[in-house]
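Peer 1: Using the sequences and the hints given, assemble the complete structure.
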Amino acid sequence: MDQIEWQDFIKVELRVGQIVRAEVFEQARKPAYILHVDFGPELGVKKSSAQITQLYTPESLLGKQVVAVLNFPKKQIGPIQSECLVTGFHNEAGHVALCVPDMEVPLGTKLL
1 MDQIEWQDFI
11 KVELRVGQIV
21 RAEVFEQARK
31 PAYILHVDFG
41 PELGVKKSSA
51 QITQLYTPES
61 LLGKQVVAVL
71 NFPKKQIGPI
81 QSECLVTGFH
91 NEAGHVALCV
101 PDMEVPLGTK
111 LL
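Once you know that position 33 of the sequence shown is 33 in UniProt numbering, the rest is easy, because the numbers rise by one and skip nothing.
Calculated directly from the structure, the hints in this document are not laboratory data.
Errors might be hidden in some of the hints.
[To be verified] Simulated crosslink set (PhoX-like; lysine-lysine; CA at most 25 Å straight-line):
1) LYS30 to LYS64
2) LYS74 to LYS64
3) LYS30 to LYS75
4) LYS110 to LYS75
5) LYS74 to LYS30
6) LYS110 to LYS47
7) LYS11 to LYS74
8) LYS11 to LYS47
9) LYS110 to LYS64
10) LYS47 to LYS64
11) LYS11 to LYS110
12) LYS75 to LYS64
13) LYS47 to LYS74
14) LYS11 to LYS75
15) LYS47 to LYS30
16) LYS110 to LYS74
17) LYS75 to LYS47
Peer 2: Following this line, the structure appears as structure tokens:
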């Protein structure tokens with residue numbers, strides 16, 4: 001495993017947001033959702049494509065707080081531009097489980 005310095009870690013903008021809209025990404029090559037994640041008044045709502053259809057429905061995602069990387073460059077994914085990377089972990093079946101805070105925290109809070 002490569003080691004990094006503290007200065008490398010703090011460059012990553014890992015922030016908490018709340019999913020305010022989730023819809024099936026019809027044009028995606030692999031099953032995915034388009035997530036609209038609210039990071040609070042300073043950062044606003046950002047879109048992300050997420051291949052999390054095996055463990056979540058769009059309805060189950062509404063209101064869920066998630067951890068996302070905000071300082072990657074925007075990425076064009078089919079007809080949408082992904083503005084953040086919602087984080088998660090693969091389970092034993094290879095399906096993605098979202099990385100979420102275990103208690104509600106203010107939107108936009110940076111992970112330290």
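Peer 1: Work down the list of hints and note, for each, if the structure agrees.
Peer 2: Checked hints:
For the hint pairing LYS30 with LYS64, the CA-to-CA distance comes to about 23 Å; that is within 25 Å, so the pair holds. With a CA separation close to 23 Å, the supplied pair LYS74 and LYS64 stays within the 25 Å bound. Taking the CA atoms of LYS30 and LYS75, the gap is near 16 Å; set against the 25 Å cutoff, the hint holds. Pair hint LYS110 plus LYS75 holds up; C-alpha atoms about 22 Å apart against a cutoff of 25 Å.
Between LYS74 and LYS30, the direct Cα distance comes to roughly 20 Å. Compliance with the 25 Å bound is thereby established for this hinted pair. With a CA separation close to 18 Å, the supplied pair LYS110 and LYS47 stays within the 25 Å bound. With a CA separation close to 17 Å, the supplied pair LYS11 and LYS74 stays within the 25 Å bound. Restraint check for LYS11 and LYS47: the C-alpha separation of about 21 Å stays at or below 25 Å, so the hint holds.
A hinted pair counts as satisfied when its Cα atoms are at most 25 Å apart, and LYS110 with LYS64 qualifies at roughly 17 Å. As the CA atoms of LYS47 and LYS64 are separated by approximately 15 Å, the hinted pair is consistent with the 25 Å bound. With a C-alpha separation of about 11 Å, the suggested pairing of LYS11 with LYS110 holds against the 25 Å cut-off. Annotation: proposed proximity of LYS75 to LYS64 holds, straight-line Cα distance about 23 Å (limit 25 Å).
This hinted pair checks out: LYS47 and LYS74 have alpha carbons roughly 10 Å apart, not beyond 25 Å. Among the hinted pairs, LYS11 with LYS75 is consistent with the structure: their alpha-carbon atoms are about 19 Å apart, no more than 25 Å. Distance restraint check for LYS47 and LYS30: the Cα-Cα separation of roughly 17 Å lies within the 25 Å cut-off, and the hinted pair is therefore satisfied. Taken as a hint, the LYS110 and LYS74 pair is honoured in the structure, with Cα atoms around 19 Å apart against an allowance of 25 Å.
A C-alpha spacing of about 10 Å is found between LYS75 and LYS47, which places the hinted pair at or below 25 Å, so the restraint holds.
Going down the numbered hints, you'll see the structure goes against none, and every one checks out.
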